[in-house]
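*Asks:* Please build the complete structure, drawing on both the sequences and the hints.
Going down the list, the protein sequences come from chains A and B.
Counted from 1, the first sequence has number 82 at position 74 by the working numbering; the numbering is strictly sequential.
Counted from 1, the second sequence has number 1081 at position 248 by the working numbering; the numbering is strictly sequential.
FYI, nobody ran anything at the bench for these hints, they're computed from the structure.
These numbers were taken from a predicted model, which means no experiment stands behind them.
We put the CB at the ideal spot given by N, CA and C, even for glycine.
Treat the hints with care, since some could be wrong.
Here are some of the chain A residues that sit facing chain B, going by a computed Cβ distance under 10 Å [claimed, not checked]: (1) Glu35; (2) Glu36; (3) Ser41; (4) Phe42; (5) Val45; (6) Asn46; (7) Val48; (8) Ser49; (9) Asp60; (10) Leu65; (11) Pro66; (12) Val72; (13) Asp73.
Take a look at the letters that make up each chain.
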Amino acid sequence: MREKIIKILTELRPEFDFTQEGVNFIEEGMLDSFDMVNLVSELDSTYGISIDGVDILPENFATVDAIVALLVKNGAK
Amino acid sequence: MDFLFKHKRISGILTVLPQKAVKFEDEMANYNFSPAKSMKLKLAMGYNEHRIAAPGQTSYDFCQFGLQYLFDNNLLKPEEIDALLFVSQSPDYFMPPTSNLLHGHFGLRQDCLCMDINQGCAGFELGMIQACMMLDQHAVNKVVLLNADVLSPKVSPRDRNSKPLIGDAAAITVVEQCEAENPIYANIKMDGTGALVLNIPAGGFRLPCSPETAVMEEDAAGNFRSKDNLVMQGDDVFNFVQREVPPMIEHLYEQSGVDRNDVDWYMFHQPNKFMLNKLADKLGVPREKMPANIVENFGNASGVTVPTSISFNLGDQLCNDEMLLCMAGFGVGLTWSSIMMKVGNLMFNQIIEL
Chain A
9 MREKIIKILT ELRPEFDFTQ EGVNFIEEGM LDSFDMVNLV SELDSTYGIS IDGVDILPEN
69 FATVDAIVAL LVKNGAK
Chain B
834 MDFLFKHKRI SGILTVLPQK AVKFEDEMAN YNFSPAKSMK LKLAMGYNEH RIAAPGQTSY
894 DFCQFGLQYL FDNNLLKPEE IDALLFVSQS PDYFMPPTSN LLHGHFGLRQ DCLCMDINQG
954 CAGFELGMIQ ACMMLDQHAV NKVVLLNADV LSPKVSPRDR NSKPLIGDAA AITVVEQCEA
1014 ENPIYANIKM DGTGALVLNI PAGGFRLPCS PETAVMEEDA AGNFRSKDNL VMQGDDVFNF
1074 VQREVPPMIE HLYEQSGVDR NDVDWYMFHQ PNKFMLNKLA DKLGVPREKM PANIVENFGN
1134 ASGVTVPTSI SFNLGDQLCN DEMLLCMAGF GVGLTWSSIM MKVGNLMFNQ IIEL
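*Replies:* Written out as structure tokens, the structure is:
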């Protein structure tokens, strides 16, 4: 799941390295709110889920771990 | 707050759109995004084109044009109107009310009640609630609800949060007494602590427009706007909608005793496709039952999107048939409101252009 997420993130913002540990993607300006919209659309179709709208908060997209937790919470396998 | 009204019906809906359509692609060079990212934004949000009023056209003009059309085509008689409600954020003047201007233009009866209501995204639902409360009086048999907004002049062309989605339009909904019980279930909630999440900072008495308020400034996301422009804190609005609207609709199911699967159409306010898809998924209703094609084809004209969606998607079908509609508006205020009612056998349900 982590590798797939990093691939999606990199396709979305190829200018950034999403494999770095300890980096907050939001605070570092690597993802903005429209990136999150596109990311959610991509994750929804990749995992066949619909991420709950109330979970679309910046902190849930701050790291790869946070995104993994978000996906698991929303039923991704 | 919950409401139940009986013996009232919508008898006709007319939507009036500007003729000028502007494509998303024609404006995206103004935004601080690469073309590729802008196209992704277009797809995710469902932006395509929006209707923009010609310079000098106001909400009043669209209402006047629509009312004249109804009078000329014998779909409404001026002497039948007991109340004229104008729901808008773009009146011609601070004073007098725009409804009074229309009253004067058409020479309506002196005992026709005129009222302006300052409301935006939930303006159709609030207007319907107000119309039904008036119709609870025996003296009131027919209310004309005008939802209109021409806000495009207030949006910065370099604001990708608001510019791609803004639209101008008006809708005229006739609401009247009827013999049939026709229960109308409605509710509305407010949270004034979020009142400035959607606002136009300058131009009122608190901060009059001046050369200083017209200075363009860049925000953290790279949008340029002045204090004279509309500002929408998009993330806050999105979170508010996702948090408050699904429980409101769940409550409406309980309030009305309606099963979600029995609703024919979910006619919701249309800020963007992404937001609507998330609401449909959360409510467990098919996305096809919750149209998102008004913001796509005409733009978001605040409280006008719900009646526009009914006119555009259902048209003549609603003149010959009856359907159960769940309608909802949410946004400026913050305000969120919903209505469950049967709508059908309309005298008119169409779109015209000015």
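*Asks:* All hints are to be evaluated individually against the structure, with a verdict given for each.
*Replies:* Hints versus structure:
no.	hint	in the structure
1	Glu35	violated (12 Å)
2	Glu36	violated (14 Å)
3	Ser41	holds (5 Å)
4	Phe42	holds (5 Å)
5	Val45	holds (5 Å)
6	Asn46	holds (5 Å)
7	Val48	holds (8 Å)
8	Ser49	holds (5 Å)
9	Asp60	holds (6 Å)
10	Leu65	holds (7 Å)
11	Pro66	holds (8 Å)
12	Val72	violated (21 Å)
13	Asp73	violated (22 Å)
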